[in-house]
Structures are given as structure tokens and as C-alpha cells.
Amino acid sequence: MAKRATFDIRQQTGFTTVAMICFFLLYLPIVTLVAYAFNDNDSVAIWKGFSLRWFYSAWNNTQVIDASIRSFQIAIAAALIATVAATMAALATTRTKPYKGLTFKYAFINQPLMVPEIVTAVALLVFFSRIKIWTGYSGLGYLIAAHTAFCIPFAYLPIRARLENMDLSLETAAADLYATGWKTFRYVTLPLLWPGILAGLMLAFVVSLDDVVITEFVKSGGQDTLPTYMLGQLRRIVTPEINAISTVFLLLSVAIVTIFFIISRKRT
Amino acid sequence: MPDKPDRNAIEVIGVSKIFGTGEARVAALDNVSVPIRENEFFTLLGPSGCGKTTLLRLIAGFDFPTDGQILLYGNDIAPLPPFKRPVNTVFQNYALFPHMTVAENIGFGLQMLGKPKAEIEARVSQMLKLVKMEALAKRRTSQISGGQQQRVALARALAPQPKVLLLDEPLSALDYKLRKEMQIELKRLQNETGITFIFVTHDQEEALTMSDRIAVMSAGKILQVGTPWDIYDKPAERFVADFIGETNFLTAKIDNVANGKAKATLKSGKTIPATVAEGFTPKGEATIVVRPEHAKAVKGPGELSGTVENIVYFGTDTHILVRLDDGDLFTVRQQNSRSASCGFEEGERIGVSISDDAAQVLKD
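One line per chain: the protein sequences are A and B, in this order.
FYI, the numbering for the first sequence is 1 to 268, going by full-length UniProt numbering.
FYI, the numbering for the second sequence is 1 to 364, going by full-length UniProt numbering.
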């Protein structure tokens, strides 16, 4: 590598110290949370001894299991729909000659990232309540639709980045070698885009799994997801059961991210 | 070189390509017409921006002409999408599919054509053999060298047996020695496959050594089409003479134009015979060109005379730069021998002798 004369932040005094403090502040609460999940006490704050009882308790709590299943149903459905939509949007915005209004379209697709979540939540509450009256339907569809909407930009960004970095002459070469538009997509663009799509899917999934504000406003009675259930619990007595649920949640997220990371690395 | 049949593989007729509108309007190709014969190694030669790559892209179908026709064996292919043209391309950056093996890359075109698996496999191994890549068939394209990638790109484009193979500066990314090797390799492949090659390059040496015929392009127009020998020794225009090799431009009075020959009277008053470019209209004075190797530096008087200004040693030969008496600079190229120096010194007054068959009169 060429000698760099430019500013290198790692050379600055105190860089390591600041970095260590940041990591410490980021991870200390999580470490504490995980540690107290194994607390053999009814209180979250006072350590009594090691125990797995709160994990058993959570496992036998039908409300927790119900909320978890619902969370996964919504996250899987929303992430899949959002990823398909985001892939199409990314193709439409990158495989075209730049035109007036393209920037506006980017902004439009990424709109859920800019608008405060609470605004969207209130808007959806009012909007969906009307539809509920008209149609009489009150199933999970509303939550899936809402989650899909705010998942799209998260899925869109990595997919678009991947498409923009792709060598366009590959698609030209495929067309030259008798591949029609669809076959070019199927045999060249899609396989090369796959890591981006997986990254988008993973992000959308995690973002959906994690959502509180919009879910809290849109859900009907008995449609608690895991995060809204936990929030509800905090209003009553807090037991280390919450810690245990969070720990399992954390492990699952880490596992999913790791799996996707390994898959996408293999593909490139 | 055996005689090439006279059938045309490609006929470009009155093709123009306009990019942009209004003030940004650029004619990348301006009413270009050229026939390309079957089994020919045809080169489009010109500086960057001359329209050679645009013409290639129009033949491949990556772009569509604003005006004109492109005939492939008599059928107009200009409006067809690339996947409907029996024409394949070797790209400048090779554009190999990174998620496929060497063999999968080569078989891609046949696979897209829906050929049976057995036929694809047989053809792929035949192509691997042709480009001497059998050992690396299972490799990823990222695991092979630039020269090997070049071979795979060639094999991939040749595998579907196209009627015409288009090559877009395919050797420009290779180093000098590898480029020389690939030049010979390309000629061999063309001979063995009998496919019409259309080769785009800005490298005049490459064009001269490889082509059956060359079209020299500049600013969206084809200036001259001919064999390498025609282009080098009988350039029609100043641009062609200047772009290909080194040359000396002289002003002379032209008389007795007949049968492509004329008498040229130089500023020194001496008269030499010259060949005349097609389309030349006599108007008294004209520009003539003399290649440096077709003139000789002599101790006594020659057709021209002047003072040696500079002597440059090139290994195989020496360039003697002579300041002529009328003030122009004239270069003489002299073959070197191993033991003797070139025999002249800077500042020395010498004559320049121009052989009888050395001068060409330009039409512009």
C-alpha cells in the first residue's frame, strides 16, 4: 500500500482509550442483562445465585411463546415481502439512465427512514381503524403491512449498493451470449446480487423483530409481539424472566446475523 | 495469405449515431459505410473518441443507429436486440462471469441457446483445447491470470460459432510480451475457425501486423479502408499518414497526373515521381509524404539538402533529423550495423536522397 500522508485517526493520542470506553458503555449493559438472566432471585437487581429457573419460567409462559411466534410470523412475512419489493425497486432505480426525478424516487423509497416513527404509527392507527370498520378484518395483516413498509428501505440499501457496484458489462456480455432479459437476470444478475439480497433480508428481519412503536399502535387486542409484551411486563412486576427472554432474543439475533454473514461470504 | 472470397459478412450502410440533443449533440458516427468481407480480419483503427467502439457496439446490438442499415449476410440486423444476433463480442475488460467456472463461462452462450447438454460439453472441451486451457476448466475466473482470462473470453465468444466475432481492444490490458503472444494466437484462432473478425484498436502497430484490411477512423468518419500495405504506403489523407507510423510531410508542385502517377516538384527545385491518392484533384501545390525509411542521408547532393540537427539511436535503426534549407524538419531512418556509427554528425551539411518509389501525394 502506498504511504499515506493523510490524516489517520488511529495515530491520534487517546484514540484507543476513547474506543475502549465506547465499547465498554455499549456492551456493559448487555453483559449485565445476560448475567442477571441467571439470577436465582425474584428481583432483577439483587444477585442471589446461579439458576436457570427464569428460562424455564419463560418457556412455560404461554404468553411469551405466543408473542414470540407472532413476532417471527410477522418478521418472516414482512422481511420476505419487503426484500422482493426492495429488489425490484433497486433494479428499477439502478438499471436505468439517470433522469429527472430519480433522486426524488430514492427519497420516496427511503421515506420511512426520515419520517419520525411515531408519526407513521399514529397515521397507521387512524388509517387502519377505518379499514377495520369497513372490512371487519382484524388479523395479523395490518401488522405485516406496516412492518413491510418500514422494512423496505432497510432491504433496499444493501441491494442497491450491490447493484451499483456490479460491472454492467457482465449483463451486456450475457445479452451478447443470447440471454434474454429474464435469463440475464436469472443467470447473471441474481446470482451476483444474492449477497446483497441476503443482507437486505437479514436487516429487514431484525428491524421487524425489534419494532415497538408502530407495532404498539397498530396491533389489535391479543396481538402482542415479543417486544410489546416485554414493554407491557415492565409496567408491572419486573422479574429476571425479562432478562432471560432478552438473552434468548439476543442469542437468536446473533445466530441469524452470523449465519447470513457466512452464507453471503461464501457467495462472493 | 490465401484469397478471401468476396462475399460480404457485414455491410454497414449510411450509419449515423447521434448522442444527445441541442448543444450537447454529438455525432459519434457520421454517415459511415463499409463492407466487411467473409473470413476477413478487419480492423477499425483510430484514436479514442473516433467512433470505432460505437460502430462495434452498433454491430453487436448494445446500441442502435440513429440512421442507416447494418446488414449481416444481406439481412438488416440494426433493430435486433443483441441476443438475437449471431455475433459475439470479446470485451475490453473480458467481462467473465465471476460466479462461474472457466468451463461454465465458455458454455454459457450454448446454454442460453438451449443446446443439449452433451453438445455443450463436447463444444466446451473443444474450445478449451483450442485456447489451451484444458487444465484450468474447473477454476473460477478470479483464480486465473490476465492472459488466461483473455483466452477464456475468446473461447466463450467463439463457442456458439458466431458468424462474426467482435473484439473491443482485447489486448490493451496485457503487458507487451503477452500482447505479442496473443496477437499471434488471435491470427491462429481466426485461421482455424474461419470466422470473420472485427477488431477495434488504437494501436497502429497491432493493426498493421494482424489485419487483412484496416479502416482508419477519425471524428466519426472512416477516412480510408485498405490493406495494411495500402494504409501505410499509400495514405490518402494527412490524418491517416500521420496516425500510422512516422512520416515526413513536404509541399510540392504536382504536374502530369495520369494513371495514379504524377511528377512532384519539390521546393528544392528537384522533381521526383510520386503515386497519387484516389480522389486527388490537381490544384498546383499539394502535400506529399515520404516515410523516413524510404529516404537516405547522403554525403553529396540529393533531392533535398540540409543540416543534421539531431541523431537518435533506436537499437535497430538510427533516426537522423535534418533541418532542410527551406526550414522544414525531415527525418531519415537508417538501419544500424553493429560495428559502424551512422556516419553523420550533428551540424553536418548533407543531402537527402528520395528513392523513385517513395513519395505519395495526399488528396487534402
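Since the hints were derived computationally from the structure, they do not count as laboratory data.
Accuracy of the hints is not assured; some may be wrong.
[Claimed, not checked] Cut-off 35 Å, straight-line C-alpha distance, at most; resulting in silico cross-link-like pairs (DSBU-like, lysine-lysine):
no.: 1; chain 1: B; residue 1: K283; chain 2: A; residue 2: K183
no.: 2; chain 1: B; residue 1: K283; chain 2: B; residue 2: K261
no.: 3; chain 1: A; residue 1: K97; chain 2: B; residue 2: K163
no.: 4; chain 1: B; residue 1: K115; chain 2: A; residue 2: K183
[Said to hold, decoys possible] With the Cβ distance kept under 7 Å, some of the chain B side facing chain A (calculated, not the full set):
no.: 5; residue: T89
no.: 6; residue: F91
no.: 7; residue: A95
no.: 8; residue: G109
no.: 9; residue: C342
Bear in mind the structure is a predicted one, so any value in this text is a computation, not a measurement.
All residues carry an ideal CB built from backbone N, CA and C; glycine is no exception.
Each hint tested on the structure:
1. With a CA separation close to 61 Å, the supplied pair B/K283 and A/K183 exceeds the 35 Å bound.
2. Between the alpha carbons of B/K283 and B/K261 the distance comes to roughly 15 Å, so the proposed pair stays at or under 35 Å and holds.
3. Proximity of A/K97 to B/K163 is assessed by CA-CA distance (about 31 Å); at most 35 Å being required, the pair is judged to hold.
4. At most 35 Å may separate the alpha-carbon atoms for a hinted pair to count; B/K115 and A/K183 meet this at roughly 15 Å.
5. Because the closest C-beta pair between B/T89 and chain A is about 5 Å apart, less than 7 Å, the hint holds.
6. Because the closest C-beta pair between B/F91 and chain A is about 5 Å apart, less than 7 Å, the hint holds.
7. Annotation: B/A95 was flagged as interfacial toward chain A, and the flag holds, the nearest CB pair being 4 Å apart, inside 7 Å.
8. At about 4 Å, the closest approach between the beta carbon of B/G109 and any beta carbon in chain A falls short of 7 Å, and the interface hint on this residue holds.
9. Because the beta carbon of B/C342 sits about 44 Å from the nearest beta carbon in chain A, more than 7 Å, this interface hint is broken.
The structure is inconsistent with the numbered hints 1 and 9, although it conforms to all the rest.
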